[in-house]
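Enquirer: The residues making up each chain are set out below.
Protein chains: 2
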Amino acid sequence: MASSTQVERVFNFSAGPAAMPLPVLQKIQADLLALPGVGSSILEISHRSPAFTEILKTAEHDLRQLMGVPDNYKVLFLQGGSRLQFSMIPMNLLRGSGKTAEYVVHGAWGKYALNEAVKEGDAKAIWDGGATNYDRLPAAGALHCSDAAAYVHITSNETIQGVQFDGAPAVGPAPLVCDFSSDFISRPVDVGRYGLIYACAQKNAGAAGVTVVILREDLLSRSQDSLPGYMNYKAHADAGSLYNTPCTFAIYTLGLIVQWLRDEVGGLEAMHQRNREKAKLLYDVIDASGGFYRPHAQVDSRSLMNVTFRLPDEELEKRFVAQAAERGLTDLKGHRSVGGIRASIYNAMPIEGVRELRDYMEEFHKLNG
Amino acid sequence: MASSTQVERVFNFSAGPAAMPLPVLQKIQADLLALPGVGSSILEISHRSPAFTEILKTAEHDLRQLMGVPDNYKVLFLQGGSRLQFSMIPMNLLRGSGKTAEYVVHGAWGKYALNEAVKEGDAKAIWDGGATNYDRLPAAGALHCSDAAAYVHITSNETIQGVQFDGAPAVGPAPLVCDFSSDFISRPVDVGRYGLIYACAQKNAGAAGVTVVILREDLLSRSQDSLPGYMNYKAHADAGSLYNTPCTFAIYTLGLIVQWLRDEVGGLEAMHQRNREKAKLLYDVIDASGGFYRPHAQVDSRSLMNVTFRLPDEELEKRFVAQAAERGLTDLKGHRSVGGIRASIYNAMPIEGVRELRDYMEEFHKLNG
Chain A
1 MASSTQVERV FNFSAGPAAM PLPVLQKIQA DLLALPGVGS SILEISHRSP AFTEILKTAE
61 HDLRQLMGVP DNYKVLFLQG GSRLQFSMIP MNLLRGSGKT AEYVVHGAWG KYALNEAVKE
121 GDAKAIWDGG ATNYDRLPAA GALHCSDAAA YVHITSNETI QGVQFDGAPA VGPAPLVCDF
181 SSDFISRPVD VGRYGLIYAC AQKNAGAAGV TVVILREDLL SRSQDSLPGY MNYKAHADAG
241 SLYNTPCTFA IYTLGLIVQW LRDEVGGLEA MHQRNREKAK LLYDVIDASG GFYRPHAQVD
301 SRSLMNVTFR LPDEELEKRF VAQAAERGLT DLKGHRSVGG IRASIYNAMP IEGVRELRDY
361 MEEFHKLNG
Chain B
1 MASSTQVERV FNFSAGPAAM PLPVLQKIQA DLLALPGVGS SILEISHRSP AFTEILKTAE
61 HDLRQLMGVP DNYKVLFLQG GSRLQFSMIP MNLLRGSGKT AEYVVHGAWG KYALNEAVKE
121 GDAKAIWDGG ATNYDRLPAA GALHCSDAAA YVHITSNETI QGVQFDGAPA VGPAPLVCDF
181 SSDFISRPVD VGRYGLIYAC AQKNAGAAGV TVVILREDLL SRSQDSLPGY MNYKAHADAG
241 SLYNTPCTFA IYTLGLIVQW LRDEVGGLEA MHQRNREKAK LLYDVIDASG GFYRPHAQVD
301 SRSLMNVTFR LPDEELEKRF VAQAAERGLT DLKGHRSVGG IRASIYNAMP IEGVRELRDY
361 MEEFHKLNG
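If you're matching them up, the sequences are chains A and B in order.
In case it helps, this note's numbering puts the first sequence at residues 1 to 369.
In case it helps, this note's numbering puts the second sequence at residues 1 to 369.
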């Protein structure tokens, strides 16, 4: 167990909502009754108050700086999670365009995204890895995108399968739209290569309740006035994310996470290095286990965020999860569509937690191999 | 200033996000690093974890009990605020019905709701108080609803104008849909008289990020499969509010608020009594001021939640707000469409805070009258 001042904390490998940096939790706790100099809690202040205006502006500014977001991109803080984005994206970027949206489907979330897009217009998969249960990325040269596509949609990291792109694939001139929900701000990103980036916060960027959308300004001209008000990117952009009351607490928390990344971690390159080290600890045990631990993802498609693997049988997998929880290593059960084990090791999972899991995996193998 | 253990807290009259009960804030603070027996923060646990499942079930159970929600109603915890409901309601209840939705517009929010409904189908105002700048409710007998309407929409309390229905108006057999955003759980409600109730949480029910929808089950049959997934009430009902990751923290907070109402306040009848007493303190000063304080709402339409009034001139209004803030009475500036002063005195505003405001109003009148 990781110890804090007064409470016992476990190492929580949940796929999301997920572990948060302890210093961020402590800061939230310290100021919960009243923000310094404000006299009210972050939970109580108006989204239009000077105090929250400052929190919102600072969060956006710091996030732009951390990610290197170009000036011709808007940063929006919305609600509804990636699921709402699955509909907002085609409603704004596809509807009325007379074009086709092209989806690269290398896991469950990409599939869900496509299922919503076809309700809104002409949308299709240009690659689908379902035949191998989504264990890999498209091979080099396998993506054939139309230059005239409304956009091309990819999922940066498939949380359930543990399959991750290493940067943006080449897709031609159509705007690249990317679901970064489970690897947002976990490594440097060349934002200028994307037309639109989106991510829910509850994996790497804090609390559930806020979804970040970063989009190139010229794409806003596609949003039609007839759209439902909340679903219109332009309405949110024009209102500076205050079209209505946003999830103020989650924006505040995201701002603290970004500051932690900048001040404590040292930025996205340093975070990426840490995340590589953490993932390597687990993949090395898997690869050295002589088949006791069977990875789901192909080697060249492996995620740094979600390490997915099977054990020889389901009985052992059950025991693996239960005994792990007894030592304070929780939430290791894999998603039912893949089975087995999933260790989610987002930014906030400290390397000590991953080392404890590594040690446990080696022990468990010895005892049960 | 209200004093807490270590921090100075003001009396915050914000229209929302708004004051929260101090014991609830203290409970959140105490458990912020780790929920008892869980080892992780409420911000870190999966929405599908046993711990959160229990929080969600308890919140729904307690809310049902507090409000007396009949068994044939679903309780949903959604995101996107009332603005998203303005679109979800007609998308689910109007689209494809071949009927008309009828809106009673007695303030700004009802107008916004109608503006979205007309995008989705045949919708119209059957009463609009705009000619008197929304200072009153429809007179008795003034509402003529069609029996064949898809639904009739009202706003229980107009936050900006401070005009509030005292219970459900008679509308005939069409389902009554009501925006309770700013007087939710502030008094008893006969849920069975409504087809659908909705409310964002950040006024009386906690933190921004969750929107409660309570709807009669038979209405779910109107939701078409072709709707965008997140916009479909049936999808949320079938998934027990876990269609995707909800704002877990705001649901947790709402649960604590409901417990506070039950255990500390003594239920909705007791809360209503408190709210009446609080509002009377302010309206009495207004009525005794000989026209120095000019109420916006007509006497029989007055809100118990938002007390709106003008002073003789804007210079005085500015001074009123500024000097109030100096004594720890904050956020009293009215909405620009009404001007003047708005004192929002939701459930969590203690009577001591209202007494301080009352005393201040009397002093200010003496000094400037």
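Don't read these hints as lab results, they were simulated from the structure.
Here a beta-carbon is modelled for each residue, glycine too, at the ideal position from N, C-alpha and C.
Heads up, some of the hints might be wrong.
[As the list claims (entries may be wrong)] Now the stretches of chain B that chain A is said to cover, found in silico as 3 or more residues with beta-carbon under 8 angstroms:
no., region
1, 86-100
2, 116-125
3, 205-211
4, 223-231
5, 240-253
Enquirer: Does each hint fit the structure? Answer for all of them.
Expert: Verification of the hints:
1. Coverage of the region 86-100 of chain B by chain A holds in this model, with 3 residues showing a Cβ closer than 8 angstroms to a Cβ of that chain against a need of three.
2. For the region 116-125 of chain B, the stated coverage by chain A is satisfied: 3 residues place a CB nearer than 8 angstroms to a CB of that chain, which reaches the threshold of 3.
3. Given as covered by chain A, the region 205-211 of chain B passes the check, having 4 residues with a CB less than 8 angstroms from a CB of that chain where 3 are the minimum.
4. With 6 residues having a beta carbon nearer than 8 angstroms to a beta carbon of chain A, the region 223-231 of chain B meets the requirement of three or more and the stated coverage holds.
5. Given as covered by chain A, the region 240-253 of chain B passes the check, having 9 residues with a CB less than 8 angstroms from a CB of that chain where 3 are the minimum.
The structure agrees with every numbered hint stated previously.
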